[in-house]
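With the hints as constraints, model all of the structure from the sequences given.
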Amino acid sequence: MGATRDDRSLVGDLFVDLKRFHEHWMGLVYPRQVGAEGTVLGKWKPTTTRGIYAYRLWGLLGALVVALTYPLVLLGVVVRFQVRRIDAGATRIGLLGVVLLSVLAWGGLALLARARFPFEGFLAVVAAGGVATASAVLAVLFARIDGRFTTVVLAYPFGVTAVFLPPVAAALYSPTLANVVFPSSESLAIWILSNVFEPLGVREAIHAYFELVGYAYVLMWFAIAVPVGWTLGVLVTLADVVRPTGN
56 MGATRDDRSL VGDLFVDLKR FHEHWMGLVY PRQVGAEGTV LGKWKPTTTR
106 GIYAYRLWGL LGALVVALTY PLVLLGVVVR FQVRRIDAGA TRIGLLGVVL
156 LSVLAWGGLA LLARARFPFE GFLAVVAAGG VATASAVLAV LFARIDGRFT
206 TVVLAYPFGV TAVFLPPVAA ALYSPTLANV VFPSSESLAI WILSNVFEPL
256 GVREAIHAYF ELVGYAYVLM WFAIAVPVGW TLGVLVTLAD VVRPTGN
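Numbering-wise, the numbering used here puts 106 at position 51 of the sequence shown, and it's gapless, one number per residue.
Calculated directly from the structure, the hints in this document are not laboratory data.
Every value quoted in this text rests on a predicted model; they were computed, and no experiment measured them.
Note that beta-carbon positions come from the ideal geometry of N, C-alpha and C, so glycine has one too.
Treat the hints with care, since some could be wrong.
Pairwise CB distance ranges (calculated) [stated by the list, open to error]:
#1 68 <-> 152: 16 to 26 angstroms
#2 164 <-> 119: 42 to 52 angstroms
#3 69 <-> 115: 15 to 25 angstroms
#4 124 <-> 173: 48 to 58 angstroms
#5 119 <-> 299: 41 to 51 angstroms
Given below as structure tokens:
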């Protein structure tokens, strides 16, 4: 059976992505590399023997980098799609709408918890709702500020915080949740200490200065949410470079 039109379109899209990605790599060192074909000046190329070898070597290195990191570009495209949907919804209802929607949702859960669970359960839902609302508002505010840097460094981490922190904040007031959240957090903390900080030689210092008790769990998960948010932001930025919106 021959290739369908969709198959050919997919292959064509992948080829365009890889070509643009490699051009951006070449553009890190050499001028007129990105989208220069078909222009008056055309793509810049060296004229000396030494320059040609250096150009080709950089191109080969770029081909390896592109091959290894292109899956991250595709992941970034998926993340970008979800982020754009959330951002579009937040734009439609506005900042006040985000606050009201969060307050209504968490307020309803709090009333339900007050009627059906002990007072600790009610406090847990209120704490979770407060953290989620504050984080969501900060994420929207920073996303509205012009500039990729602000969006990646601040908006994405607070967006992840809105997901990560509510269960932890709730666990501070709910023994039932605490029995699930805190042991899991301790296991994750041990893994991070052993696999991330120990190779860096700072495990003992961190273990000596920080005790995982009470609000330290909140700080721990906020510290995790920040690099996770940065990672998502970088993936989306990479997707925007290789496959701009609308391509």
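Now the hints, each set against the structure:
1. 68 <-> 152: 16 to 26 angstroms: Given range 16 to 26 angstroms: violated, Cβ gap about 35 angstroms.
2. 164 <-> 119: 42 to 52 angstroms: 50 angstroms Cβ-Cβ, so the 42 to 52 angstroms window holds.
3. 69 <-> 115: 15 to 25 angstroms: 20 angstroms, holds
4. 124 <-> 173: 48 to 58 angstroms: 51 angstroms, holds
5. 119 <-> 299: 41 to 51 angstroms: Because 24 angstroms falls outside the window, the suggested range is violated.
Consistency note: the structure conflicts with the earlier hints numbered 1, 5.
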